[in-house]
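Chemist: Chains as they are written, first to last, in the numbering used here: chain H, 32 to 322; chain E, 146 to 552.
Keep in mind the hints are simulated off the structure, nothing from the lab.
Ideal Cβ placement from N, Cα and C applies to all residues, glycine included.
Among the hints, a few may not be true.
Unchecked claim - Listed below are the simulated DSSO-like cross-link pairs for lysine-lysine, each with C-alpha atoms no more than 30 Å apart in a straight line:
| no. | chain 1 | residue 1 | chain 2 | residue 2 |
| --- | --- | --- | --- | --- |
| 1 | H | K159 | E | K545 |
| 2 | E | K475 | E | K207 |
| 3 | E | K334 | E | K513 |
| 4 | E | K315 | H | K159 |
| 5 | E | K519 | H | K159 |
| 6 | E | K265 | H | K159 |
| 7 | E | K521 | E | K331 |
| 8 | E | K513 | H | K159 |
| 9 | E | K545 | E | K265 |
| 10 | H | K159 | E | K493 |
| 11 | H | K159 | E | K475 |
| 12 | E | K521 | H | K159 |
| 13 | E | K334 | E | K545 |
Unchecked claim - One-sided excerpt, in silico: chain E residues whose CB lies under 10 Å from chain H:
| no. | residue |
| --- | --- |
| 14 | A189 |
| 15 | K265 |
| 16 | D322 |
| 17 | V344 |
| 18 | T352 |
| 19 | D353 |
| 20 | R365 |
| 21 | N379 |
| 22 | N383 |
| 23 | Q387 |
| 24 | A410 |
| 25 | G411 |
| 26 | R440 |
| 27 | K521 |
| 28 | D523 |
| 29 | F527 |
Unchecked claim - Stretches of chain E that chain H covers, calculated by requiring three or more beta carbons in the stretch to come under 8 Å of a beta carbon on chain H:
| no. | segment |
| --- | --- |
| 30 | 177-186 |
| 31 | 190-203 |
| 32 | 208-221 |
| 33 | 388-400 |
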Amino acid sequence: MQLLFLLEQVLNGLVLGGYYLLIALGLSLIFSVGGVVNLAHGAFYALGAYLSLEIARFLGFAPAVVLSPIAVALLGILFERFILRRFYTADPILSLLVTFGVALVAEQAIRMAWGAAPLPATMPQALKGNVMAGDFLFSRYRLLLLAIVAVILAGIWLLLNKTSFGRVVRAGIQRPDMVAALGIRLQPYMTAIVMLGVGMAALGGALFAPIVIVHPAMGAEIITVAFVVVVIGGLGSFWGVVLAALLVGVVRGITIHFAPAAGEASIYVLMFLVLMFRPRGLLGERIEKFE
Amino acid sequence: MTTRRTVLKASAAAAALGFPFVSRGQSDRIRIGHLTPLTGFLGALGEYAVQGLKIAVDEINKGGGVMGRQLDVMSEDSVNPATAATKAQRMLDQDRVALLMGEINSASAKTIMQVAAREKRLFLQVGARSDVLRGADCNRYTFHVDIPVTVMVNAEGQALLRDGLVKGKKIFCLTSDYLFGHDLAKAAKAFITANGGSVIGDELTATDVTDFSPYLLKIRQAKPDMVATNLGGNQVTNFVKQYAEFGLPYAVAGFNLNTADAWAAGEGNLGGVWPTVWHHEVDTPGSKAFVAEFRKRYGKPPENHAWIEYVSLHILARAMNETRSTDTDKLIGFFEKQPEFDLLKPRKGYFRSWDHQLMQEAYTFTVKPRGQAKDKWDTLQFGPAVPAANQPLELLATSKAQNTCKM
Numbered sequence: 032m033q034l035l036f037l038l039e040q041v042l043n044g045l046v047l048g049g050y051y052l053l054i055a056l057g058l059s060l061i062f063s064v065g066g067v068v069n070l071a072h073g074a075f076y077a078l079g080a081y082l083s084l085e086i087a088r089f090l091g092f093a094p095a096v097v098l099s100p101i102a103v104a105l106l107g108i109l110f111e112r113f114i115l116r117r118f119y120t121a122d123p124i125l126s127l128l129v130t131f132g133v134a135l136v137a138e139q140a141i142r143m144a145w146g147a148a149p150l151p152a153t154m155p156q157a158l159k160g161n162v163m164a165g166d167f168l169f170s171r172y173r174l175l176l177l178a179i180v181a182v183i184l185a186g187i188w189l190l191l192n193k194t195s196f197g198r199v200v201r202a203g204i205q206r207p208d209m210v211a212a213l214g215i216r217l218q219p220y221m222t223a224i225v226m227l228g229v230g231m232a233a234l235g236g237a238l239f240a241p242i243v244i245v246h247p248a249m250g251a252e253i254i255t256v257a258f259v260v261v262v263i264g265g266l267g268s269f270w271g272v273v274l275a276a277l278l279v280g281v282v283r284g285i286t287i288h289f290a291p292a293a294g295e296a297s298i299y300v301l302m303f304l305v306l307m308f309r310p311r312g313l314l315g316e317r318i319e320k321f322e
Numbered sequence: 146m147t148t149r150r151t152v153l154k155a156s157a158a159a160a161a162l163g164f165p166f167v168s169r170g171q172s173d174r175i176r177i178g179h180l181t182p183l184t185g186f187l188g189a190l191g192e193y194a195v196q197g198l199k200i201a202v203d204e205i206n207k208g209g210g211v212m213g214r215q216l217d218v219m220s221e222d223s224v225n226p227a228t229a230a231t232k233a234q235r236m237l238d239q240d241r242v243a244l245l246m247g248e249i250n251s252a253s254a255k256t257i258m259q260v261a262a263r264e265k266r267l268f269l270q271v272g273a274r275s276d277v278l279r280g281a282d283c284n285r286y287t288f289h290v291d292i293p294v295t296v297m298v299n300a301e302g303q304a305l306l307r308d309g310l311v312k313g314k315k316i317f318c319l320t321s322d323y324l325f326g327h328d329l330a331k332a333a334k335a336f337i338t339a340n341g342g343s344v345i346g347d348e349l350t351a352t353d354v355t356d357f358s359p360y361l362l363k364i365r366q367a368k369p370d371m372v373a374t375n376l377g378g379n380q381v382t383n384f385v386k387q388y389a390e391f392g393l394p395y396a397v398a399g400f401n402l403n404t405a406d407a408w409a410a411g412e413g414n415l416g417g418v419w420p421t422v423w424h425h426e427v428d429t430p431g432s433k434a435f436v437a438e439f440r441k442r443y444g445k446p447p448e449n450h451a452w453i454e455y456v457s458l459h460i461l462a463r464a465m466n467e468t469r470s471t472d473t474d475k476l477i478g479f480f481e482k483q484p485e486f487d488l489l490k491p492r493k494g495y496f497r498s499w500d501h502q503l504m505q506e507a508y509t510f511t512v513k514p515r516g517q518a519k520d521k522w523d524t525l526q527f528g529p530a531v532p533a534a535n536q537p538l539e540l541l542a543t544s545k546a547q548n549t550c551k552m
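Assemble the whole structure, with the sequences as input and the hints as a guide.
Modeler: Right, dumping it as structure tokens:
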């Protein structure tokens, strides 16, 4: 019986990992291609949640989940063009500072626009409730969420590995100088990657709004976990991030099963252990420009 | 990562400091130092607190101030217990405030109380509810306005007994892992066992938990008759949203929920019975006028932390006016004579002289059925006051024999 309960926590942890993945993958892509740790990533997640609530008031839940990430991705163009672009080759501390500043400004802007009080958000009644698979219980909504994440994951993998766009991006991660020598400008690709990354974060915000509290600091809450996932997974590795997100979800679930008070701390312990034995992360590649 | 989070919180605090809402006044003003959490899991409540306080400041100053002097209230984010104490000390030393007020976080209230006792200055502890603050940690310089954990548990408990949810029932507790949560769990468990229920599980959750799914699975594995939450701030909102998401069949109740966090739950997510110290539908002229003014200024109804700051400043103003002084000992003497204060409720309240906690009415609320709410603020159904009008106000509070407070 005890084993069954534990297995249920493991499965739930895998579902939760999908939830982290949506945020972490974009963060990792922007990091890998541009060399910028985008501390403002959480702000786009929060914005995605808030915009989806506004859109849902007029058009309903499903259109909001689609339109909000598109709107945020368009905002991502401005973010890349006027802020990030100046820092790709600069000292990393500068990009850390500027994106951290953007995160603070965005949080305060949300507070001024929508107030500090959390906003009510709910999912369509039909999506509530659980699904039983044998003895295991799953939230119906989270299974839907997992399916969406899987589709997006497949899409991004195909984009990176089966298209000419992906070839340029992957080459840009490893040898930006060679890409330039071949006469390819990386900048439009970078704009597209940032749009994709912040759009995914916004999609995460729109999808999580019905299950977590919607408040101005929600971006700061998620960025910490997303960052831990990226560090554990390793830079530049698509599957590393996937593996790390699932691992973080499972480790947290198992810890809460045995020692609930340590649940939130467990993911940092995991990061510590991984970095001790694999400083580059689980599947991190050696990237020359970061060495 | 801890470092980054610390930096983030400190910076958020710095950002909050960038917008002080009152100007630094001249020396003939009476300065009051106000600390409350404006960021973190209690930050939303802190915003209501500051908004309610502003109304009181403007009213008092427009009416000629206190002893003919204008009030100058400086509000700051207390951030965490350590920062709260540092800021309290600075407000007394450098900003020359006459006295301190505020707080929602019990752990921060505790450190500010220590500063107040050391400096022998008055601290009106407005919104933190831990029993310990009024018990083992009580001191002569602190007076407590909000209802404590014991009163919340007893008020809520009466409603649960009425609904037959305690006697012979298996109850699973979920507890916030800090001073307030531990205190609440202690009182709740004592109440449950004293009334024939059994606690079959009690799980601690960190205050920054946003995903409750592993806990929900454990609840299902335990198959309780009822889930009782001892959570703080916006944790309750996260929990009830995910509880509705997972569609578990067990009854849910809780010993703490602020109306702002109840409003944020979203339609169809919240159920059960909850306690509160005040609500915006209390039927007195004073409450109605306050609610109307708050709505006019901020476009939404006030929640209990807005109300409590409002009445707290009025209590302080009356104490200073009647003693013609801001002197700590004179103010303490005034409060200890147990004068009755208008709390905008049907019955007046008073500070008990021996443990300095305010005796007052409390309320319970449930959630209106789907489709009955007129707007997003109209989702709650408020019950009658407890104790009832013919019962003594001290009925739900700790008795002198139970309370360990020694001044």
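Chemist: The structure should be examined with respect to each hint, and the outcome stated for every one.
Modeler: Against the structure, the hints:
no., hint, verdict
1, H:K159 <-> E:K545, "violated (48 Å)"
2, E:K475 <-> E:K207, "holds (25 Å)"
3, E:K334 <-> E:K513, "holds (28 Å)"
4, E:K315 <-> H:K159, "holds (26 Å)"
5, E:K519 <-> H:K159, "holds (23 Å)"
6, E:K265 <-> H:K159, "violated (55 Å)"
7, E:K521 <-> E:K331, "violated (34 Å)"
8, E:K513 <-> H:K159, "holds (19 Å)"
9, E:K545 <-> E:K265, "holds (25 Å)"
10, H:K159 <-> E:K493, "violated (44 Å)"
11, H:K159 <-> E:K475, "violated (58 Å)"
12, E:K521 <-> H:K159, "holds (20 Å)"
13, E:K334 <-> E:K545, "holds (21 Å)"
14, A189, "holds (5 Å)"
15, K265, "violated (34 Å)"
16, D322, "holds (5 Å)"
17, V344, "violated (15 Å)"
18, T352, "holds (9 Å)"
19, D353, "holds (6 Å)"
20, R365, "holds (6 Å)"
21, N379, "holds (5 Å)"
22, N383, "holds (5 Å)"
23, Q387, "holds (6 Å)"
24, A410, "holds (6 Å)"
25, G411, "holds (3 Å)"
26, R440, "violated (14 Å)"
27, K521, "holds (6 Å)"
28, D523, "violated (12 Å)"
29, F527, "violated (18 Å)"
30, 177-186, "holds (count 3)"
31, 190-203, "holds (count 3)"
32, 208-221, "violated (count 0)"
33, 388-400, "holds (count 5)"
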